[in-house]
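A.B. asks: What follows is each chain in one-letter form.
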Amino acid sequence: MKEYRNVTGRIFDIQRYSIHDGVGVRTLIFLKGCALHCKWCCNPESQNFEIETMVVNGRKKVTGRDVTVGEVLDTVQKDMPYFLRSGGGITLSGGECTLQPEFAAALLQGAKDMGISTAIESMAYAKYESIEKLLPYLDTYLMDIKHMNPKKHEQFTGRENTRMLENAKKVAASRQCELIIRVPVVPGFNDTEAEILEIAKFADSLPGVQQIHLLPYHNFGQGKYESLGRDYPMGDAPIPSAGKMDSLKAVVEKNTALYCQIGG
Amino acid sequence: MLYDKTVVAKSDRIKKLVDHLYAKMPEIEAARAELITESYKETEGLPVYTRKALAFKHMMEKLPIIIRPDELIVGSTTIAPRGCQTYPEFSYDWMEAEFDTVEKRSADPFYIAEDTKKRLLEANKYWKGKTTSELATSLMAPETLRGMKHNFFTPGNYFYNGVGHYTVQYDQVLALGLRGIQARAKAELDSCNVGDANYVKKSCFLKAVLISCEAVITYANRYADLAEEMAAKEGNSARKQELLTIAQVCRKVPENPANTFQEACQSFWFIQQVLQIESSGHSISPGRFDQYMYPYYEKDRNNGTLTREYAQELIDCIWVKLNDLNKCRDAASAEGFAGYSLFQNLIVGGQTPEGKDATNDLSFMCITASEHVFLPMPSLSIRVWNGSSQDLLLRAAELTRTGIGLPAYYNDEVIIPALVSRGVSLDDARGYNIIGCVEPQAPGKTHGWHDAAFFNMCRPLEMVFTNGYDQGEVASIQTGDVESFQTFEEFFEAYKKQMDYNISLMVNADNAIDVAHATLAPLPFASCLVDDCIKRGMSMEEGGAVYNFTGPQGFGIANVADSLYTVKKLVFDEKKVTLGELKRALEMNFGKGLDEITATETAVRVGKALVEAGEEITPDIIATTIKQVLEYKLPAAEQARYEEIWEMINDLPKFGNDIDDVDILAKEAAYTYTRPLETFKNPRGGQFQAGLYPVSANVPLGAQTGATPDGRLAHTPVADGVSPTSGKDVCGPTAACNSVAKLDHAIASNGTLFNMKMHPTAMAGQKGLESFVTLVRGYFDQKGMHMQFNVVDKATLLEAQKHPEKYSGLVVRVAGYSALFTTLSKSLQDDIIRRTEQAANR
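Each protein sequence line maps, in turn, to chains A and B.
First residue of the first sequence? That's 18 in our numbering, and the numbers climb one at a time after it.
First residue of the second sequence? That's 843 in our numbering, and the numbers climb one at a time after it.
In case anyone wonders, no lab produced these hints; they're calculated from the structure.
Zero decoy hints are in this set.
No more than 30 angstroms apart at the CA atoms, straight line, and that leaves these computed lysine-lysine pairs for DSBU-like: (1) B:Lys-1411 - A:Lys-78; (2) B:Lys-1636 - A:Lys-78; (3) B:Lys-1418 - A:Lys-78; (4) B:Lys-1434 - A:Lys-77; (5) A:Lys-129 - B:Lys-1584; (6) A:Lys-78 - B:Lys-1410; (7) B:Lys-1434 - B:Lys-1417.
As the structure is a prediction and not an experimental result, all values here were calculated from the model.
Taking the hints into account, I'd like the entire structure generated from these sequences.
C.D. replies: Here is the structure:
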């Protein structure tokens, strides 16, 4: 048996038949624990590394469990026919998967050994050495860049963006994986043309980056905050309209060489 | 093959045709019943073939005909749009009994005029003691009749109606005309020696074929006459020209070979229509329309006489006409076949006889026709194989996304070997099409009896718990006191015995009905278009077809699988519940209250016991018993224990979640039906083969089934086809597919049915379509046989909000991801419900 199968990590969900976070049909593995606390986060149960209890429809539900890479891969294996037909595979999401680098790297390595594609959704807030461990097994890095202004970034996410931008440059320079930049478009935070364009220009400057995805803010996580007994930080902030998203896309495409897509 | 997949717009004509068709409730007409009765009265004493042919001729000559406004393809069985004729030669009692309720019933109501009732009553008198259903009943073993009474199975379909369920050689009619078919019959007749042993029957049959073909030619000419008359009176010059063209076409086909695409369309339609006048059998399936129509399309396209627009319009017109045919079934059958469906299955794609991809322009245009017409008929299907055109599958996915529930997807890679394993040649197997719901067969060569009975797999399970008793009497074999079983294997063995016994009874019922049809209802016209009836000189009903099968369908696999798992896990592995407790919990419906059905059953039981004890029963005693049952309160401790058991059951893993322990039991459960069944033979020299699908019978037949150990409450629906129990597949679509694919589908060579619900948002955008195709292909790679999809609407979503426990497998596209609907917050659900409305307005 492959040794990496024994590596353990902490996840809070596995979602099969996911079709919007990478090529083809994918199994998403949500790793628990994050360095940021973005106000708009739609997976608030991902933020703490600790195992928590939620109240869903009046019943208590424990969120978070420790698993081995082998257990996760056994579940991944079940959807092999769909990966083979679509070029799909696994996507590590979270939380922030680079905060469990050994576990994440082992999962990706296992997927590559199975012959399927690998992706991570991450905002690269980790030591570069951690990220570097993943790159040999990684096909696509879906990297969140939320804002170019360090202060505003800190105000809305709890951390400055300096390390992330540095890591973005390093990942791009490594040329070890496809790098796609993703921007959550959040009202009152980064939803002006100027702010989006600034991110897009940075993305365009990264070697090898060809795509940017603008992900409109949604309030679908609101119920989960209630389940966790927390207040919803976004209140009743408006959802960006289709027209607004189109105009942001137009600005990006006019001013950069990037292919711009709305949604994942 | 190269193909043109561009989509042609819908013509204005189609909307008008559809509106006209659906303006009123469908109506029952009396003309056919009167005509067949008149003819039969005059032919007493003649051979049955001759009587059938002469009756058919009489109908073809005398049935009222009509050309509806704006029609390009003509031929209507009734004057009223979507009306139906009746078929007293098969059965009529039920209709007379339901004369006053048929208009108001919930499933498939029909209007019937008072005058029509009188005319039918008069005609039906003749048929007393002469119907196939009466003959079949007299041929059945007593224990078979008892088994039917106790609802183990119901062969209602062919018991009360014609058989249908065939695909004739449309290609031969298009190529040779009916004159060509007659020439074939004549040649066969000429080659016979009057001294041959079979000459008497054979010559009689072949002469019946000649009469029947002539009758259809007459019928078409009546339409030509009518079109000419109408053209003479028509003021609108464009319509006048259309009518003149119709006249010209009907004068030529189906008598002669078709030359043009329009002639081919009209010729096809006459055949499709008159087959359903000859007999009331449904599921007469057009089959591979895109293949046999293509030469005519290609020729006209190449010589520049046909635009794609006109070709599409003609196909759309046929699609409308397929919805003009209708059939009134008895109330119980109408529940089982709900939706006015005649199950005329039409399939596109697949392979050529050489095993290459068969996709052509018409494959796409058939999908477009379903999109344009947006009606239940035809039951559009698509054949999928490893080399299928991805373009065609994506186009099919677009149709699925509209929510129409079409097409159904079929897997060549399982079906072709399955047919070959049943003795069908490789060429014929590659040319398969689907009959009715999901039943594969070799077109023009098969009498498949594909929908021969419904077998409720939950009822034998009940018998294991009651030791063969039902409603106070012995209803099945006795397999021992359930509490005496020491191992799971013993329990499962008892179930298998109950299955074997009741399967053999169902076979007896089918074979009795089979003999009745062969005796009283051979069909010369349908038979002359199925090989090898002409050569053998006998009808399909007697075994004239090359391939003969009987395919009754079992359903409730998911319930049986989950029930077996309950027994295995809770009773024998973990010893948390005894079989005695479980038996009592089932009787008491897990403490969830007893309903009126149980109350009535109990009252009957009490009544019987009183009679046996020599006492009198009064209406009072019955009423009191019913009341007592309905108001019965269990002792608190017992009540609590049953609820506890029910909770334990609900917490167990269920079929449909890709969990091997349970899924293996589902596979074994399916084998308890499929394996014994294939050992039986039918009177036509063919074998029985299992289907695993319910049509819509899982609901009414569920109402005849008590609580089951999977936690299913008494009289609620049982699981449909091979699908997981509604609401129990909670791990998403790939997990459900994987579970279902673990069954052995190929052995169920009469077809399996897998229903899946998807939310339109899960199919949104190009990625949604591509992923959907991946899902289908991935299921098929694992040897799944069939898939169909409900792309659910707002009403269903609202229902899902109210009863989340029933909809836990419902997938919705949320934002950048897909999710299970019921796991979302109320506010998000509301949001998605609102979004659905927008999607519908696109």
